[in-house]
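Enquirer: Residue strings, one per chain:
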Amino acid sequence: MLFSNLEDKIDWLEKELNDSSDIASRMIEKGGDKLGLVFIKSMIDNLLFIEGVYEPLLLCENKLNVDVLTEIIKSADVNKISLKESVEKILMGNVVIIFEKDEQCLAIDIQKYPARIPSEPPTSAVLQGPREGFTEDIKTNITLIRRRFYNKNLILKDVFVGKYSNTRVVLAFLKGVADKKLVKEIESKLQKIDIDGIIDSHYIIKFLEKNPDSLFKQVGSVEKPDIIAAKILEGRVAILVDGSPIVLTLPFLFFEEIQASNDYYNSHIYSSFIRVVRLLSILISVIVPGAYIAMRVFHQNIIPIKFLVTITNTTRGLPFTPFLEMLFISLLFQILYEVSLRLPSYLGLATSIVGALILGDTGVKAGLISPPGVIVIALAKIALYTVPEQAYQLTVLQYLFLIVGGSIGMIGIVGLMIYLVVYLSSIDSYGCPYLAPFAPRVKSDLKDGVIMGTTKQMKTRPKSFKNHNLKRQK
Amino acid sequence: MIKTISVRQTAIIISILLFANKILVLPSLLYEVSKADGFFIILFLLSLEFLILLMFLRLKSLYPSTSFYDILKLKFGTFLAKFFYILLAIYFFYKIMLLFNICYMYFHVQVYIDASYYIFIFAFLVIINSSVLRGIRPIARSIEFFYGFILFCLIFCIALSIANFDKFPIFFDSKLVNFFDGSFRHLFCFGDMLILLVLIDKVDSNNLLKSKSILYFFTSAVIILSVYFMFYSIFDYTAFLHKNAISDIITFSYRFIDLGRLDIIAVIIIMFLAFFQLCLYAYAFIECFIKIFSKLSVVYSMVVFDLLFIFIVFTSLIDYLVAIKIGVSIIPYLSIFLYFLLPLFCIFVKRGGNDDRFF
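Just so you know, the sequences run in chain order C and L. One point on numbering: in my numbering, the residue at position 151 of the first sequence is 151, and numbering is uninterrupted. All you need for my numbering is the position in the second sequence, starting with 1, plus 474.
Read the hints as simulated data drawn from the structure, not as lab findings. It is possible that some hints are incorrect.
Claimed, not checked - Under the rule of at most 16 angstroms between Cα atoms (straight-line distance), these lysine to aspartate or glutamate pairs were calculated in the EDC-like manner: (1) C/Lys34 <-> C/Asp102; (2) C/Lys306 <-> L/Asp710; (3) L/Lys641 <-> L/Asp710; (4) L/Lys477 <-> C/Asp428; (5) C/Lys463 <-> C/Asp428; (6) C/Lys217 <-> C/Asp158.
Construct the complete structure from the given sequences, taking the supplied hints into account.
Expert: Rendered as structure tokens:
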């Protein structure tokens with residue numbers, strides 16, 4: 001591209017940027033040197049622009065060329081670029097300085113936009129341990145990870161995804177620990193994504209999953225930097241997406257979700273107990289409604305007589321069949337849950353009153369639903385949220401077990417359990433069996449399974465997936 | 475590349491297969507023949523089963539990555555290899571029908587009094603199909619996943635039955651001829667280790683295979699013997715009336731009557747065992763079928779299996795009584811050939827220029 005003067009260059013740039021209304025340009029002429037500044041008004045830090053860029057330019061007594069300006073501009077991030085590259089830089093919130101007599105330009109990164117400060121994520125609250133969480137700003141997120149690794153082996157790799165959004169996606173891993181093939185595979189999968197835009201990290205999950213139609217989550221999603229640091233240390237690869245507070249991890253195993261960061265900050269005995277409780281909660285939430293309905297419809301003879309009497313007395317005269325009754329209560333809870341998620345907080349109390357008192361209590365008194373049914377569903381729905389990250393998939397499973405239990409009884413429940421385990425056993429997360437370390441059993445990884453060992457006992461990195469360096473401590 | 479199953483998974487499969495058809499109806503059938511000396515029959519038959527396991531281990535060490543079909547082809551030629559595989563397929567299909575009918579009778583009596591036959595056909599076929607089509611590796615991993623739970627529950631059942639124990643069984647109360655007669659006629663409940671021969675090339679070659687297989691075999695054998703011992707102790711002269719041994723030894727536990735029917739634990743465990751054993755037998759059947767009709771894919775073979783299964787079940791061609799009748803009349807003769815002679819031939823017969831691996 002050949003331009004005779006600075007105005008032509010600025011005109012070309014503005015045209016490239018489609019004469020968007022938030023594009024600003026300034027021209028400075030000093031001692032015969034002419035230069036222009038082009039930027040997006042809403043994307044830069046005004047104070048930094050005036051103090052760090054504009055004032056030094058006005059006060060400069062030397063010739064205004066690329067080398068001099070690189071020295072005098074008060075910013076850590078000044079890069080020499082071509083005029084063609086400047087379009088992308090401007091869109092990313094850089095101020096670009098264009099020289100009349102020089103082909104090169106300068107890009108100064110003083111990007112600023114409204115961003116949250118790191119705060120405790122609502123789904124990963126802890127009693128002890130770090131409380132900071134990731135934000136929507138990728139730079140903040142990178143800093144949060146970086147300051148946990150003062151080591152040159154923490155590698156960050158940039159990939160830009162999205163035809164229009166051109167979103168920055170960063171892969172973070174430990175060189176010499178993470179499997180090189182895994183990093184390459186993830187990188188190539190990201191590069192192959194052909195989509196118009198990436199709004200959140202969840203957009204790319206389906207491109208990374210090997211069984212995208214599966215109900216089960218195959219990519220880890222974390223909101224806390226301490227958890228990500230621990231996962232990177234284990235040899236996993238973290239994927240940060242600009243604009244998302246959720247950082248993805250790979251490979252991902254099914255039992256990762258029963259691990260919480262709190263477990264590592266408490267006594268391992270207590271943590272083991274809590275993990276058992278979590279596992280039991282998953283089983284209760286998924287199986288209990290189905291088992292209850294199976295017993296009521298098919299296997300009344302196995303219910304202890306005292307319970308049977310209570311159930312019979314409370315269910316007498318109900319208009320619904322046992323299966324429809326359970327389905328009705330379950331759907332009622334689901335509706336209330338969805339409403340409470342989306343209602344403004346000041347209406348939350350009203351929803352609770354309507355849900356618990358009017359619908360629940362009055363429903364029982366009116367003889368539409370039975371108290372045992374309400375108790376079973378309430379227990380199952382509460383138990384669901386001991387592992388909030390898996391709540392959505394467990395909800396679907398809950399309904400599946402309810403339908404199977406109501407249709408063919410206990411044999412259906414056992415059969416569905418086996419079907420699910422066979423299915424999960426066939427899933428492979430980037431070369432790692434999904435149900436590891438339990439199926440197949442990886443003995444050394446069981447120390448961080450359900451029954452935890454102490455940090456001192458965890459001498460090796462997980463063997464469930466490939467690592468270059470297994471040793472963690474002597 | 476063949477996806478192999480680990481040594482531990484193989485050992486667990488051995489352990490799970492050993493329970494097939496042995497802890498429900500067999501104790502009472504054996505009592506009818508030789509009273510409490512049925513305990514010695516099971517001991518003897520388990521020893522024979524152990525022999526099959528040893529032969530499998532020997533074959534595995536001789537031919538670490540060769541399929542059983544290829545071994546047979548090497549020793550006897552293609553025609554005979556196919557013929558033996560037809561016999562194996564018939565045998566595995568019979569085992570499926572036997573197991574299905576025994577389990578159906580058991581569940582029907584215990585927890586599905588008013589339920590239709592179709593529930594069982596539907597449940598079993600769906601799981602068998604989905605599992606077999608996914609391959610042996612997911613099946614083996616699933617069995618490994620539930621193994622601890624299954625073992626714990628079985629031990630728990632035996633522990634509960636101790637509450638009903640008050641005297642030792644009366645041994646040596648029947649004639650020696652009954653012992654041999656009972657052993658021969660009830661061979662149909664054994665021979666589960668034959669599946670291993672079909673899986674031989676899919677098992678990981680490892681030095682620990684022998685020790686682990688034997689260890690898991692003995693674990694299961696001890697549990698089975700404990701069930702027989704408790705059963706004959708608790709029921710004594712009425713043992714022949716109790717057709718569901720593992721359930722009955724805890725059902726009549728009057729000390730726990732307030733807790734409701736504890737035999738639900740046994741019911742759930744038998745459900746797990748039945749599903750897994752049927753999946754393994756179906757997998758072995760499909761493997762044989764594919765070798766016999768080499769142009770058929772797994773999916774088509776599965777369809778053939780389903781149609782055959784549905785036809786036989788719906789026409790009641792092989793129901794519970796017929797399955798037992800075939801078991802005590804025809805199957806023992808087939809068993810002697812398949813359990814012992816066929817593996818022995820494979821170990822000892824030398825044929826073909828490349829085959830110099832024998833004792």
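Enquirer: So, against the hints stated earlier in the document, which numbers end up violated here?
Expert: Of the numbered hints, 2 and 6 do not hold.
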